[in-house]
Each structure stands twice: as structure tokens, then as C-alpha cells.
Amino acid sequence: MSLITLTTDFGTKDHFVGAVKGAIYTELPDVKIIDITHHITPFNITETAYILKNAYKSFPKGSIHIVGVDSELSIENKHIALELDDHFFVCPDNGLISMIASEINPTKIVEINIHDRIQSSFPVLDVFVQVACHIARGGNLGVIGKEIKEYKKLVEIQPKVNQTQTIINGGVIYIDNYGNVISNISKKMFNEIGKGRPFKISARRYSFSKIYSRYNEFVDFSVPEERRRNDGERLAIFNSAGFLEIAVYRSNLTTVGGASSLLGMDYRDTISIEFETIKSPEFTTLN
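For the sequence shown, my numbering gives the first residue as 1, with consecutive numbering after it.
Just so you know, these hints were derived from the structure itself, not from any lab. Since this is a predicted model, take the numbers as computed values, not measurements. A virtual CB, placed ideally from N, CA and C, is assigned to each residue, including glycine. Watch out, some of these pointers could steer you wrong.
Unchecked claim - The list that follows gives simulated cross-link-like pairs (lysine to aspartate or glutamate, EDC-like), each with its CA atoms no further than 20 Å apart:
#	residue 1	residue 2
1	108	86
2	188	103
3	152	72
As the list claims (entries may be wrong) - Restraint ranges, calculated between C-beta atoms of paired labels, are given here:
#	residue 1	residue 2	range
4	27	205	21 to 31 Å
5	27	250	14 to 24 Å
6	86	196	26 to 36 Å
7	140	161	32 to 42 Å
8	140	250	17 to 27 Å
Build the full structure now, drawing on both the sequences and the hints.
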């Protein structure tokens with residue numbers, strides 16, 4: 001049985017998601033449809049890339065992922081279908097695929113060319129569904145478009161390293177449901193650039209000199225629970241997706257607040273890591 005996932009910024013109030021699912025079931029009554037999310041911040045390509053990168057790997061090989069974010073066809077925003085890591089993606093060529101393809105090169109990319117026989121202001125419904133169903137039936141990508149070698153790169157997804165390899169300048173790419181601030185700095189990059197050197201993380205007016213491996217790692221569990229005062233403490237952590245995250249322990253957005261609100265940080269704000277060049281007491285190492 002084929003499996004198709006949906007990732008969109010449609011929300012669930014309107015008819016869009018239901019219409020897309022209905023069109024897929026009309027073509028393939030036995031298909032399995034999974035919602036990754038329909039609550040992407042409207043037109044937020046970076047957020048889409050982060051969520052998709054961390055979700056698609058959990059699905060079986062051969063899964064087909066429809067991505068409907070900023071999907072209106074234009075000269076600058078073509079539609080593509082590609083095979084990557086034994087998965088298929090049907091999406092706009094607006095840069096969202098570049099976070100996934102930064103580590104794994106696509107096997108094949110085609111520019112979808114069925115638009116000349118389909119005029120639509122809702123391409124996810126009228127174009128992406130047809131392409132996904134064609135792939136699910138075992139159809140070749142070459143039938144739906146001409147092969148291309150390049151896709152649009154989203155520059156802001158990639159952090160920058162200075163010439164002396166002492167500073168990584170990254171940025172906020174996602175605020176999660178707990179208000180935690182997630183950067184585009186990966187653990188892999190941190191290790192490759194840092195090479196075990198002492199470091200200091202800067203985020204707004206706050207700094208961190210340690211990166212935890214678990215949210216509760218700093219809690220002293222030998223102290224009775226009623227005497228602990230850890231809720232609301234700030235910490236840096238490499239999250240389950242392998243990206244540097246600034247978090248608030250046991251954050252509650254209605255009472256304690258999340259890292260985003262408490263630190264005054266938002267999408268695209270700067271997070272940087274400075275590595276020691278000369279031994280200095282203000283730097284400490286990652287345990």
C-alpha cells in the first residue's frame with residue numbers, strides 16, 4: 001500500500017486539507033494518508049524545511065511527501081518532484097528542500113510540466129495530487145517533467161563560519177510548541193568547527209557555556225522534589241534533531257513562559273558560538 005504525507009500551511013479551519021485528501025482517495029482509494037502538519041506559519045519556508053527534515057525519515061522507504069507551502073506557481077517558484085534518500089517529494093522549488101539535500105543529494109529531480117493542461121490557483125490539489133498519485137502507481141518521474149540538476153538553495157538555512165574558524169553565526173529557524181528556540185547550528189557543525197575547544201554561546205543578552213544532552217540533566221535529583229526550584233531555568237541543548245536549542249526547563253507558555261518570550265527571541269534572530277583561541281576562564285568545554 002502506498003503512503004502519502006501532507007505538510008502544509010493550510011490550517012484545519014478551511015476546506016483545503018479535506019479537498020486534497022478527497023482528491024487523493026478518488027485516485028487511489030487504498031492509499032494511506034498521513035498528516036505531518038497543517039500548521040506551518042504561513043509561507044514560512046525555513047520552518048517547513050526543519051519540520052520536513054525531521055519527520056520524513058520516520059516513514060517507510062518509498063513514501064511520497066506532498067509539501068504545500070508557498071506553492072503558487074511563478075517564474076521564480078517552479079514546481080518540482082524528486083527522489084531523495086529513497087523517498088519522493090512533490091513541492092515548490094522555493095528552497096525548502098535545501099535543508100534535506102544539504103546532507104543527501106537527490107537521486108533525480110524533475111521540473112513538473114503538466115501545468116499547460118491544468119490551469120489552477122490551487123496547485124496542491126490540481127497538480128501535486130496528480131503527480132503524487134502517478135508516483136504511487138509506480139510511474140516514472142520522467143513522465144511528469146524534464147530532469148534538472150539544480151534546485152533553489154535557501155541561504156538563511158545555512159549558518160556561517162568566520163575565516164579563522166572561531167565563530168559560528170547562526171539564526172533561529174523555528175519556535176516549537178513549548179516556546180523553545182531552535183537554531184540552524186547542528187551538532188555535526190559544532191563538533192567539526194569546535195574540535196573540542198572551550199566555547200561560549202550568545203543569544204540576545206544571554207550567554208551559555210555548557211550544552212546539555214537532556215533537558216533535566218542539570219537537576220539535582222538528590223534534593224526532594226518539593227525543594228527543587230528548576231522550573232523556568234534557561235539552558236542550551238542539542239535537541240533530538242541534532243540542532244542547537246535554547247530552552248526553558250518545563251516551560252509553560254501560559255505561566256512560566258517559553259525561551260522565545262523570556263529571552264525576547266524570534267524567527268531569524270542571531271545565535272552565535274565563539275570558540276576559544278587563547279585559554280580564557282570565561283569559556284568552558286562541552287561535556
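(message) Run through the hints listed earlier and report the numbers of any the structure violates, in increasing order.
(response) Violated: hints 4, 5, 8.
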